[in-house]
Amino acid sequence: MDSLLPTLGRLHPLVVHLPIGILFLLGLLEAAALVSRWKPFSKLPQLSPGQRTFVTGAGAVSALATVAFGWLLARNGGYDENLLGQHQSLGLATAALACGLWLAARLSSSALYATLLVATIAVLSVAGHFGGSLTHGSGYLTAAFAPPASNTSTISDAPFFTAAIQPVLSQHCTACHGPEKTKGGLRLDSFAALLAGGKHGSAIVAGDPARSDLIRRLHLPLDDKQRMPPKGKPQLADNDRQLLEWWVAAGAPADGSLASLAPPPAIAELLTARLGPSPLPTPPLPDRDATLALAAELETSLGIIVRPLARDEPWLEANARFRQKNFGDAELARLAAVAPALRWLDLGETAVTDAGLAALVGMKNLRRLRLDRMAITDVGLAHLSNLNELELLALHHTRVTDAGLATLRPLTRLRSLYLWETSVTPAAAETLRLALTDRYQLERWQTELTALQDKIRRQQITIDLGAPAAAITAKKSPEPTTPTVEENAEDPDA
Amino acid sequence: MNIPPGLEFLQQQQRQWSRRTFLGKSAQAIGALALGSLLNPRLLRGAAPAAPDGRWRGILPAPHFLPRAKRIIHLCMAGGPSHLETFDPKPMLDRIHGQPFPESFTQGQQLAQLQNVKLLARGSSFTFSRCGLSGQWISDLLPHTQTIADDICIVRSMHTEQINHDPAHAFMNTGSIIKGRPSMGSWLLYGLGAETDDLPGFVVLMSSGPSVDQPVSARQWSAGFLPSRFQGVQLQSVGAPVHYVGNPDGVCQSAQRQVIDEIARLNGFHEEESLDPEIQTRIAQYELAFKMQASVPDLADLSKEPQSILDLYGVKKPGDGSFASNCLLARRLAERGVRFIQLYHRGWDHHGDIDNRMRGVCQLVDQPTAALVKDLKQRGLLEDTLILWGGEFGRTPMGQGTGRDHHINAFSIWMAGGGIKPGITWGSTDELGYRYIEDGQQMHVHDLHATMLAAFGIDHTKLTYRSQGRDFRLTDVHGKVAHGILV
Numbered sequence: 122m123d124s125l126l127p128t129l130g131r132l133h134p135l136v137v138h139l140p141i142g143i144l145f146l147l148g149l150l151e152a153a154a155l156v157s158r159w160k161p162f163s164k165l166p167q168l169s170p171g172q173r174t175f176v177t178g179a180g181a182v183s184a185l186a187t188v189a190f191g192w193l194l195a196r197n198g199g200y201d202e203n204l205l206g207q208h209q210s211l212g213l214a215t216a217a218l219a220c221g222l223w224l225a226a227r228l229s230s231s232a233l234y235a236t237l238l239v240a241t242i243a244v245l246s247v248a249g250h251f252g253g254s255l256t257h258g259s260g261y262l263t264a265a266f267a268p269p270a271s272n273t274s275t276i277s278d279a280p281f282f283t284a285a286i287q288p289v290l291s292q293h294c295t296a297c298h299g300p301e302k303t304k305g306g307l308r309l310d311s312f313a314a315l316l317a318g319g320k321h322g323s324a325i326v327a328g329d330p331a332r333s334d335l336i337r338r339l340h341l342p343l344d345d346k347q348r349m350p351p352k353g354k355p356q357l358a359d360n361d362r363q364l365l366e367w368w369v370a371a372g373a374p375a376d377g378s379l380a381s382l383a384p385p386p387a388i389a390e391l392l393t394a395r396l397g398p399s400p401l402p403t404p405p406l407p408d409r410d411a412t413l414a415l416a417a418e419l420e421t422s423l424g425i426i427v428r429p430l431a432r433d434e435p436w437l438e439a440n441a442r443f444r445q446k447n448f449g450d451a452e453l454a455r456l457a458a459v460a461p462a463l464r465w466l467d468l469g470e471t472a473v474t475d476a477g478l479a480a481l482v483g484m485k486n487l488r489r490l491r492l493d494r495m496a497i498t499d500v501g502l503a504h505l506s507n508l509n510e511l512e513l514l515a516l517h518h519t520r521v522t523d524a525g526l527a528t529l530r531p532l533t534r535l536r537s538l539y540l541w542e543t544s545v546t547p548a549a550a551e552t553l554r555l556a557l558t559d560r561y562q563l564e565r566w567q568t569e570l571t572a573l574q575d576k577i578r579r580q581q582i583t584i585d586l587g588a589p590a591a592a593i594t595a596k597k598s599p600e601p602t603t604p605t606v607e608e609n610a611e612d613p614d615a
Numbered sequence: 032m033n034i035p036p037g038l039e040f041l042q043q044q045q046r047q048w049s050r051r052t053f054l055g056k057s058a059q060a061i062g063a064l065a066l067g068s069l070l071n072p073r074l075l076r077g078a079a080p081a082a083p084d085g086r087w088r089g090i091l092p093a094p095h096f097l098p099r100a101k102r103i104i105h106l107c108m109a110g111g112p113s114h115l116e117t118f119d120p121k122p123m124l125d126r127i128h129g130q131p132f133p134e135s136f137t138q139g140q141q142l143a144q145l146q147n148v149k150l151l152a153r154g155s156s157f158t159f160s161r162c163g164l165s166g167q168w169i170s171d172l173l174p175h176t177q178t179i180a181d182d183i184c185i186v187r188s189m190h191t192e193q194i195n196h197d198p199a200h201a202f203m204n205t206g207s208i209i210k211g212r213p214s215m216g217s218w219l220l221y222g223l224g225a226e227t228d229d230l231p232g233f234v235v236l237m238s239s240g241p242s243v244d245q246p247v248s249a250r251q252w253s254a255g256f257l258p259s260r261f262q263g264v265q266l267q268s269v270g271a272p273v274h275y276v277g278n279p280d281g282v283c284q285s286a287q288r289q290v291i292d293e294i295a296r297l298n299g300f301h302e303e304e305s306l307d308p309e310i311q312t313r314i315a316q317y318e319l320a321f322k323m324q325a326s327v328p329d330l331a332d333l334s335k336e337p338q339s340i341l342d343l344y345g346v347k348k349p350g351d352g353s354f355a356s357n358c359l360l361a362r363r364l365a366e367r368g369v370r371f372i373q374l375y376h377r378g379w380d381h382h383g384d385i386d387n388r389m390r391g392v393c394q395l396v397d398q399p400t401a402a403l404v405k406d407l408k409q410r411g412l413l414e415d416t417l418i419l420w421g422g423e424f425g426r427t428p429m430g431q432g433t434g435r436d437h438h439i440n441a442f443s444i445w446m447a448g449g450g451i452k453p454g455i456t457w458g459s460t461d462e463l464g465y466r467y468i469e470d471g472q473q474m475h476v477h478d479l480h481a482t483m484l485a486a487f488g489i490d491h492t493k494l495t496y497r498s499q500g501r502d503f504r505l506t507d508v509h510g511k512v513a514h515g516i517l518v
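Note that the protein sequences, when read in sequence, are chains A and B. Using my numbering, the letters of the first sequence map in sequence onto residues 122 to 615. Using my numbering, the letters of the second sequence map in sequence onto residues 32 to 518.
Chain A with its partners taken away, still in its complex shape:
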């Protein structure tokens, strides 16, 4: 019984749709009957007195049931008292009006019936709206009209929590963990409330995502009772989850700028996209048509490849490798005309020198850059330090050293660096690798892996890995099986 009553209470959001549907349909039918007096609409249906009594009766019964279930639900608690009180009285009024309506229909008192019908629908609408506010939060209906939250502010002048973290929580959490509805005694609508925690203790442990309840619940399997947001509710996007996780790991700072917090590249990108200009603005996209015309001209006059990377993309690929020593600093300087559009650039084996690499400074959108087998040194690498988009850099067979490698530290998006046949020591390469490794990414994968392993253990999924190890080791020597094959070959049936 203890668990039955709250469960019945939870049926309220389901049952509530019956009186709403029935009473609104009734209103619609009566409106149709009214309109049907007008000649062009004479074919619209008219309710017979019997039908009318039945429908109003059904409306009254379902309204009473809804009130009962609603009362049980309210006993579970966790709702804003004020809003709940309004919803309760209006709900009761709706049920009473629906009963009156049924009575009026039975008595065939058309004036009373019409008045009560209008009143019922009006009260029902308001009661429903309050009910919706209780479940989804009070601003839910008008959220689209609300002024965008400080879109113009940059991270550096607004408290970081409000600008970056609060919007995620508002979108997914505060409907149930807000002022109106405070499930588990936890509110997530302000920084102080988040730190205060709820019935089950603190929601986050600054600096330790693994011990933070909020983060842990985000990663529980969808079927888990403790999972938040619970199954059926809109879930956080992966990047939002990463953002929260990183934020907790970074010590849950309330304030700070993108530069001072130094998030990993993926997070920085996300924040820049959401919060507008960052300290490192990305250059504007080049104009495609103008670029293509220039590219075609350069391709012919330089005898190299300068081509669009793909249809409908503004990016170019340039490849001078096959011109070899016929391509030098002067030729590279001419590529400045299309510099912002260059995405891939291959200068390998060309005669471009350290000084000539200065032309790369304007090519801020480069992702793949090949400088292998060139007479370049650490001096030339200095020109690469602001190529923030760079993902691949080939430097093999050049004279770069450990010192030059250190200048590549700012290239946080770098994923492949080729240093074969250079003077770079393995130790220096490893230092750079660690500096550029996305620590949060690794940690996240680890968490996901652990969650998966847990799930496998819990559900006792058996995984067949193909060949049983015993069968394989038993067959280490292939000879024993071959004789049978030979016999088969001599089989007269064969």
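Check before you lean on any hint, since a few could be wrong.
Claimed, not checked - No farther apart than 27 Å at their CA atoms in a straight line, the calculated lysine-lysine pairs in the BS3-like style are these:
{"#": "1", "chain 1": "A", "residue 1": "K576", "chain 2": "A", "residue 2": "K352"}
{"#": "2", "chain 1": "B", "residue 1": "K335", "chain 2": "A", "residue 2": "K446"}
{"#": "3", "chain 1": "B", "residue 1": "K452", "chain 2": "B", "residue 2": "K511"}
{"#": "4", "chain 1": "B", "residue 1": "K408", "chain 2": "A", "residue 2": "K446"}
{"#": "5", "chain 1": "A", "residue 1": "K576", "chain 2": "B", "residue 2": "K452"}
{"#": "6", "chain 1": "A", "residue 1": "K446", "chain 2": "B", "residue 2": "K322"}
{"#": "7", "chain 1": "B", "residue 1": "K408", "chain 2": "B", "residue 2": "K347"}
{"#": "8", "chain 1": "B", "residue 1": "K348", "chain 2": "B", "residue 2": "K335"}
Claimed, not checked - Which residues of chain B face chain A? A few of them, derived with a C-beta cut under 8 Å, are:
{"#": "9", "residue": "A93"}
{"#": "10", "residue": "P94"}
{"#": "11", "residue": "H95"}
{"#": "12", "residue": "F96"}
{"#": "13", "residue": "P98"}
{"#": "14", "residue": "E226"}
{"#": "15", "residue": "T227"}
{"#": "16", "residue": "G368"}
{"#": "17", "residue": "Q409"}
{"#": "18", "residue": "R410"}
{"#": "19", "residue": "E414"}
Everything labelled a hint here was simulated from the structure, so no lab data went into it. These numbers come from a predicted model, not from an experiment. Using N, Cα and C, we set each Cβ at its ideal position, and we do this for glycine too.
We have chain A already, so just place chain B on it with the hints.
Just chain B now, with coordinates in the frame of chain A:
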């Protein structure tokens, strides 16, 4: 009768255009069009994007979407390597070794040489290991390939339609068994052009050596109905890659240049008169041949390769025509901007004595293959070079004496590099390795072609060529891109 103005006009037209007039005029128009297209074959095909310098830049102004691969090395294991001894371990098959093969599998299926023979299951004589961090299963016959497990994507669900070597090769290369269709190298060259004009954009090398059992016909790298400048060029793998590439005594390179220019001028006159596109091909070939006089000796000069690289590939004597030597050449071709490099290695047709012959051929192929992947990787070339290793079909899980017969329902290949997810196994076969499983990861030859083109940023439905009145494409009317293996 009051006739509306529109109808009046139509009636007037009708009078002017009697049936006879219409037929007569139509015939004239068609004739004129036909003459026009004869005089200028490009009339009905759209303009060709040859640059002013005569270089071919590909019919596509730009790839349809962002490309991952820039070139492809196809290691064609001719003869049909057994998937059951290489990449697809089947413990259940081993267990029923020597017993009758379940009829439920083979009922009504096409067989090559095992027709009217009692079918007996044949387990693998070799062991498999899980390799690398990815834990992919690879046969212990391929110890070097095991070391690149984390770089390759094994596809176990390949299937084809052709059960004999030559048509199966044609199907793998052109997507059709009908003669006169372009091979995949020709399609790529037609679509994208090549990065270099010093070497052919589509080069074929064939291993010479002891285990040669099947001829591979030159139609496998033909350009089919595409202009013949897109056909594959086979380089000799023993000795000089191209015969008579040097100038005869007394002819210097500048004199040669004058001769080529003069021939091109004369051919130009001829083309203006006859408007035959093959003359353009001829001019391009003279020019290419002239450039190859310099580029080929440089390409074939393996003396600058350090001993460590020769050892990596297992090259005993550079230029000996071995698969190892050819893999090294393939890397050099890739470095020089060749679009499509195809290496044939024959000796996989193991109808009998499969155990010993597998050992032999794996020994020849395994090390150079792994070396090629590693060498491209250390040069940063693996990220935009697609490597495809595989044969034209697989081999039966039923024994054929001491060997296995041709099999089209299942075989394994692997891909690596440009745009391919490394360290994964894609698709699977049933418990006896007889047939691919239809789990959305099955890979028909057409699907392989579609996926390969997708790695180059090409939508396989949009690279077409009109021949004999209809648009053709590499995947014809089939092909589904396996997005799951693309990065």
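Structure-based check of all given hints:
In summary, the hint linking K576(A) to K352(A) is supported, as the alpha carbons are separated by about 16 Å, within the 27 Å threshold. Restraint check for K335(B) and K446(A): satisfied, since their Cα atoms lie roughly 19 Å apart, inside the 27 Å limit. Between K452(B) and K511(B) the CA atoms are separated by roughly 17 Å; this keeps the pair inside 27 Å, and the hint holds. Between the alpha carbons of K408(B) and K446(A) the distance comes to roughly 25 Å, so the proposed pair stays at or under 27 Å and holds.
For the suggested pair K576(A) and K452(B), the alpha carbons sit about 26 Å apart, so the restraint of at most 27 Å is met. This hinted pair checks out: K446(A) and K322(B) have alpha carbons roughly 17 Å apart, not beyond 27 Å. For the proposed pair K408(B) and K347(B), the alpha carbon gap of about 22 Å is at most 27 Å, so the pair holds. With a CA separation close to 14 Å, the supplied pair K348(B) and K335(B) stays within the 27 Å bound.
Hint status for A93(B) relative to chain A: holds, with the closest Cβ pair at about 4 Å, below 8 Å. Given hint, P94(B) at the interface with chain A, holds; its Cβ is 5 Å from that chain's nearest Cβ, closer than 8 Å. Interface restraint check for H95(B): the shortest CB-CB distance to chain A comes to about 5 Å, inside 8 Å, so the restraint holds. Restraint check, F96(B) versus chain A: the minimum CB separation of about 5 Å is within 8 Å; hint holds.
A cut of 8 Å between beta carbons decides the hint on P98(B): the least distance to chain A is about 7 Å, and the hint holds. The beta carbon of E226(B) is positioned within 8 Å of a beta carbon in chain A (closest approach about 6 Å), and the interface hint is therefore held. At a threshold of 8 Å, the smallest CB-CB gap from T227(B) to chain A is about 5 Å, leaving the interface hint in force. With 8 Å as the threshold, the beta carbon of G368(B) comes within range of chain A, its nearest partner Cβ sitting at about 6 Å, so the hint holds.
Because the beta carbon of Q409(B) sits about 5 Å from the nearest beta carbon in chain A, less than 8 Å, this interface hint is met. The restraint placing R410(B) at the interface with chain A holds, with a minimum CB-CB distance near 6 Å, inside the 8 Å limit. A hinted interface residue such as E414(B) counts as satisfied when its beta carbon comes closer than 8 Å to some beta carbon of chain A; here the least separation is about 6 Å, so the hint holds.
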